[in-house]
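Visitor: Fit chain B to the given chain A structure using the hints.
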Amino acid sequence: MRGRQVRAMETGLTGLWKRVKMYKEAYFMLAPFTLLFVTFTIVPILAALYFSFTSFNMLQKPEWVGAANYTRLFFTDDVFLIAVKNTLLFAFITGPIGYLLSFMFAWFINDLGPKLRSVLTLIFYAPSLAGNVFFIWLYLFSGDAYGFANSKLMSYGIIKEPILWLTDPKYNFTIVVLVIIWLSMGAGFLAFIAGLQTVDTSLNEAGVIDGIQNRWQELWYITIPQMVPQLLFGAVMTIATSFAVGYQSMALTGFPSTDYSTHTIVLHLLDYGAIRFEMGYASAIAVVLFAGMLFVWNVLQKSLRKISD
Amino acid sequence: METSRALRSTLSLKLRLLPRKKLSRSRKENAVIFLFLAICSVFMALPLVYTIVTAFKPINELFLFPPRFFVSHPTLDNFIAMNQLTQNMWVPFSRYLFNSVFVAGVGTAFYIVIASMAAFALAKYKFPGHALYFQIIVWAILFRPEVTGIPQYIIISKLGMVNTYFAVILPVLAGSFGVFLMRQFIINAIPTEMIEAARMDGATEYRIFWAVVMPIVKPAWLTLLIFTFQQFWNTTGVQYIYNENLKMLPTILQQISSAGLARAGAGSAVALVLMIPPIVIFLISQSSVMQTMAHSGLK
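Just so you know, the sequences run in chain order A and B. Under the working numbering, the letters of the first sequence match residues 1 to 309, in that order. Under the working numbering, the letters of the second sequence match residues 1 to 299, in that order.
Hints are computed from structural coordinates only; laboratory data are not their basis. As the structure is a computational prediction, the values presented were derived from the model and not from experiment. A hint or two may mislead.
With the Cβ distance kept under 10 Å, some of the chain A side facing chain B (calculated, not the full set) [stated by the list, open to error]:
(1) Ala26
(2) Pro169
(3) Phe173
(4) Ala240
(5) Ser283
We put the beta carbon where it would ideally sit given N, CA and C, even for glycine.
Here chain A stands alone, though its shape is the one from the complex (with noise of 0.2 Å):
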């Protein structure tokens, strides 16, 4: 390392040996991780890939078929398009609501005490915490009269007859964006709260003698420029599962929904890949859906750097 100085400018071959000598400490603490990184993530990942070019249903050895699992799900199935018209719409509703959501508690939690702190960051997280518990919304908005919104509405007379809140494509969409976002304080709340923890408050005090009026001036000029990186992780997180929205609407709503209303594009995969068994249109399914969110992703990064500088 101490040779850093010297930063090597040589280019071609050597020169970069020779960098990359000069980092062999980065490369050693790299390597664990990359050893188990590329055997059980990136190559299922490429090999997923590669059944997207191909017609495999998992008994027999996948056949290349081109692009064509591509043309398919854009020229001839009508229902991948509902779902992706439903994933945008699932992810442009719940995604910055969820996100916005969950600084905003983190950063109201963290001015509390804290026995208080600990007490509410549990329960906030506890959604997350507890698996599968969108089923507590099946009691609530159950279909018949003893569903307790429709026992409720009924008995002050706001309604005459019980609602099919799930199964009516009026009302099961709605639901099933409530359920996401009560479930959005995850992994990404959690950083906001450690994040908060790591910010320089000395900068607070610096901030008032610099004008700073109010609590949401220090948020917004002190407290989220330290916090980008946070942010960014964040941001991915919620990417991550908001474009992924299916199995809640799944046990909420059924599958298939009525009309195909909650159907969304990770449903529309589970239904080729663990129904059908046609893995390799189900991989140009999770093809396309990553190259959306990375086009989301790609676009959110550069706004919240923007905000950094």
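Guide: Frame of chain A, contents of chain B only:
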């Protein structure tokens, strides 16, 4: 010990006094925020409360129609039923418990070390390829796992790891989520000058990682501890483990609750029991996060 406790209590007193000097929101704003938090927390607490309440419901209340949220005649029947079911198993219950605790404990410890080490290298060394490596880390998080399961299975079976703990541990260790999380904290919290100062003092790069970087980003790896433990704890490993002696606790407990109506009571007790370890880890980790904050406040 006594003196350090006394010191800590005076320090915490000072820390408690500190916020008064800071800016605060208006009283009205605080009241609105508090009310908002209170209302939201009722909704967020639902799963916890419901799981606890259900575990104490007698069987006739579990099937009450219309369903009721709260329990009117709490009972321990469900726990007794669960206990009987787990006593009569072919392989002793403690074996499954050991499997899960072992996998979660060893796996979590390993993951925190290798992920943090990789994250440190990514955050603080401008080695050739670091930018691309970082992008790949993020891309891997965005790729849906549903279609990578089959190639992953083929790799694990080719490596002869079916029916070993490795099959359960290694795929989780290969996730890039933790590296991303740790990198984001290290890049922010550790000034490059601090690393250079340690290097001047003759510390090796590994020592810098272990003795300088890790203590400072303690809130980050304590948070990672929660996620990783939770992930391991929920792992069933059903694809890879056929040996009864190596099966995980959730597999067995899910078998109890999936046996239908007759075991609905025991199933609700199981749901509660399975939730306890992650909650305990959560509380331990969060209270340590708070202590770290108190210490770093003294800098």
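Visitor: To test your reading of the hints: which numbers does this structure violate?
Guide: 2, 3
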